[in-house]
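Asker: As a plain string of letters, each chain reads:
Number of protein chains: 2
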Amino acid sequence: MISFDDIQKAYERIKKIVNHTPILTSRTLNHKVKAKIFLKCENMQRVGAFKFRGAYNALSQLSEIDKQKGVITHSSGNHAQAVALAAKILDIKATIVMPNTSNMCKVNATRKTYGAEVIFCKNTLESRRETTEKLLQKNGAILIHPYDNDVVIAGAGTAALELLNDIPDLDVIIAPVGGGGLLSGSSIATKGFNPNIIVYGAEPMNADDAYRSFHSGQVETNEDPDTIADGLRTTLCERTLQIIRKNVDEIFLVSEEEIIEAMQFAWERMKIIIEPSSAVPIAAILSGKVPIENKKVGIIISGGNIGGLSEFFDEFRKI
Amino acid sequence: MISFDDIQKAYERIKKIVNHTPILTSRTLNHKVKAKIFLKCENMQRVGAFKFRGAYNALSQLSEIDKQKGVITHSSGNHAQAVALAAKILDIKATIVMPNTSNMCKVNATRKTYGAEVIFCKNTLESRRETTEKLLQKNGAILIHPYDNDVVIAGAGTAALELLNDIPDLDVIIAPVGGGGLLSGSSIATKGFNPNIIVYGAEPMNADDAYRSFHSGQVETNEDPDTIADGLRTTLCERTLQIIRKNVDEIFLVSEEEIIEAMQFAWERMKIIIEPSSAVPIAAILSGKVPIENKKVGIIISGGNIGGLSEFFDEFRKI
Numbered sequence: 016m017i018s019f020d021d022i023q024k025a026y027e028r029i030k031k032i033v034n035h036t037p038i039l040t041s042r043t044l045n046h047k048v049k050a051k052i053f054l055k056c057e058n059m060q061r062v063g064a065f066k067f068r069g070a071y072n073a074l075s076q077l078s079e080i081d082k083q084k085g086v087i088t089h090s091s092g093n094h095a096q097a098v099a100l101a102a103k104i105l106d107i108k109a110t111i112v113m114p115n116t117s118n119m120c121k122v123n124a125t126r127k128t129y130g131a132e133v134i135f136c137k138n139t140l141e142s143r144r145e146t147t148e149k150l151l152q153k154n155g156a157i158l159i160h161p162y163d164n165d166v167v168i169a170g171a172g173t174a175a176l177e178l179l180n181d182i183p184d185l186d187v188i189i190a191p192v193g194g195g196g197l198l199s200g201s202s203i204a205t206k207g208f209n210p211n212i213i214v215y216g217a218e219p220m221n222a223d224d225a226y227r228s229f230h231s232g233q234v235e236t237n238e239d240p241d242t243i244a245d246g247l248r249t250t251l252c253e254r255t256l257q258i259i260r261k262n263v264d265e266i267f268l269v270s271e272e273e274i275i276e277a278m279q280f281a282w283e284r285m286k287i288i289i290e291p292s293s294a295v296p297i298a299a300i301l302s303g304k305v306p307i308e309n310k311k312v313g314i315i316i317s318g319g320n321i322g323g324l325s326e327f328f329d330e331f332r333k334i
Numbered sequence: 016m017i018s019f020d021d022i023q024k025a026y027e028r029i030k031k032i033v034n035h036t037p038i039l040t041s042r043t044l045n046h047k048v049k050a051k052i053f054l055k056c057e058n059m060q061r062v063g064a065f066k067f068r069g070a071y072n073a074l075s076q077l078s079e080i081d082k083q084k085g086v087i088t089h090s091s092g093n094h095a096q097a098v099a100l101a102a103k104i105l106d107i108k109a110t111i112v113m114p115n116t117s118n119m120c121k122v123n124a125t126r127k128t129y130g131a132e133v134i135f136c137k138n139t140l141e142s143r144r145e146t147t148e149k150l151l152q153k154n155g156a157i158l159i160h161p162y163d164n165d166v167v168i169a170g171a172g173t174a175a176l177e178l179l180n181d182i183p184d185l186d187v188i189i190a191p192v193g194g195g196g197l198l199s200g201s202s203i204a205t206k207g208f209n210p211n212i213i214v215y216g217a218e219p220m221n222a223d224d225a226y227r228s229f230h231s232g233q234v235e236t237n238e239d240p241d242t243i244a245d246g247l248r249t250t251l252c253e254r255t256l257q258i259i260r261k262n263v264d265e266i267f268l269v270s271e272e273e274i275i276e277a278m279q280f281a282w283e284r285m286k287i288i289i290e291p292s293s294a295v296p297i298a299a300i301l302s303g304k305v306p307i308e309n310k311k312v313g314i315i316i317s318g319g320n321i322g323g324l325s326e327f328f329d330e331f332r333k334i
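Heads up: the sequence lines are chains C and W, in that order. The opening position of the first sequence corresponds to residue 16 in the numbering used here, with each subsequent residue numbered one higher. The opening position of the second sequence corresponds to residue 16 in the numbering used here, with each subsequent residue numbered one higher.
Just chain C, with the same shape it has in the complex (with noise of 0.2 Å):
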């Protein structure tokens, strides 16, 4: 398991090379939940996630042989243009597999902004799977798993890291949980830095296992999540199940209704664009289920990265 040191560490070695992100507080939002707030917002970090964190810190860290292999992920999401960014400031070779069903937008940025090279399976979890070990015994190539990887949580990590660094005195700090690496790296720099902060995660209702693997001890899975939170579909793994379980104090869930509500919120209120698994832990305060009346609160705002904005510009250039 990761260390607090580890967390310090990885901020050393990324700290030039990703965005000190803002933290942003919403007085009406203080007011709603009778707190204070403090939003890490990295759907400001590079990329438009937190994710770039995570991979930097994995891909810096390889030999010079390894760099010359290549690197290989899945992922239809935020992990996909983070690794490829990472490869394309390191120099290395990024090939990234990603559903044939993925958004286009997303596609053409990992491709064309990034340089990486995309290839296509279907969109199953087998066929990910498979497409991606077909790849890495065809071309020796290094596998950067979005979290089941302790450099990846390591970086992930220095989100929380740094929103300490720059408010020490935090009485909770929450994050959104999916595969669970943001929150195991977020748990570990927290009880690092002081131990006496409260750590929470969010989770769609939706998409529940993290919450049900906390209070069994063991890796539950997903059928077919439906949940507009993309970004949390996925399970825990081992690794992230035994740091979250060491580290976090509970996991609170949301329905989709006040995700949907939470997101609105944070565009309409307080003029910032967050992804739907962003909205997750801002629904978990909203609906009054989080103990934190009278504290300092910090959520990891994960990503904005979000589709339909540019059919949105399209109405606008209609008028």
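To list a few chain C residues with every Cβ distance to chain W over 10 Å, as calculated:
| # | residue |
| --- | --- |
| 1 | E79 |
| 2 | V122 |
| 3 | D186 |
| 4 | N262 |
| 5 | E308 |
Taking beta-carbon pairs under 7 Å as the criterion, some of the chain W residues facing chain C (in silico):
| # | residue |
| --- | --- |
| 6 | P37 |
| 7 | N58 |
| 8 | M59 |
| 9 | Q279 |
| 10 | W282 |
| 11 | E283 |
| 12 | K286 |
| 13 | I287 |
| 14 | G319 |
| 15 | L324 |
| 16 | F327 |
| 17 | F331 |
| 18 | R332 |
Since the hints were derived computationally from the structure, they do not count as laboratory data. Quantities reported herein were computed from a predicted structural model and do not represent experimental measurements. Every residue, glycine too, gets a C-beta built ideally from N, C-alpha and C.
Using the hints provided, position chain W relative to the given structure of chain C.
Answerer: The following block gives chain W in isolation, referenced to the frame of chain C:
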């Protein structure tokens, strides 16, 4: 003409009530324009726009007798909500004259959230003036003009002052120009802070009255300005023209497509919601028209209130 001292005093008066808004930066934007850009995010101001600064500065200085008379203004946009909220905080009765074609979200915010009385008029300048004039005669309320008013201008100037207090070594400040209140206040604050800092205005080509007035020396008008930047359709008045002629170095014009592209850039890449009027200075620098290479440039992001988001989220609910 108001002085730098007026703006400093306004800031002392309002600083505990307004939000000290964040200043955001973008690696991609800096790279594109070969300069260091600092966005002063008044879209994150109370009511979502810089207008709250001027409204609160004006209302807080009314005599007790005038406070009892109540205030009145005509606006379909941010100034209406700004006056309504300032009046609510100061326990003053507010009447807002709005065109009967106004966005119902804005009408409801003004009426329900901020508790102002809304009186509808026809959607012409003449009807607005007549309706307001009648109400002024009838109930003796105090008119709070959105920009032809020294205390409103002094309040508007506090955004630039706050920006300069945070980043004193800026080379250039750019603000959008409609009626000229924000640009006037910004220019007095900037030249008073340091006369060597350049001040530019940015204006839609399709509502270029300020550009023409700035060069001709007299108040020019717009015939039915057709711009998406609805906050900038108004024209300068004698008061703002004199200030701008004295303190502003140049005004740059941008096309409608440039405005939409700049707005889309802010949303998609910077993850902040800005309204079309706020995109105008970003459009100006992205167009390459403004000489800012290697300079440190502050931009006043005037607001982030935009229609159509409810419909965008309704689509989400259908998924």
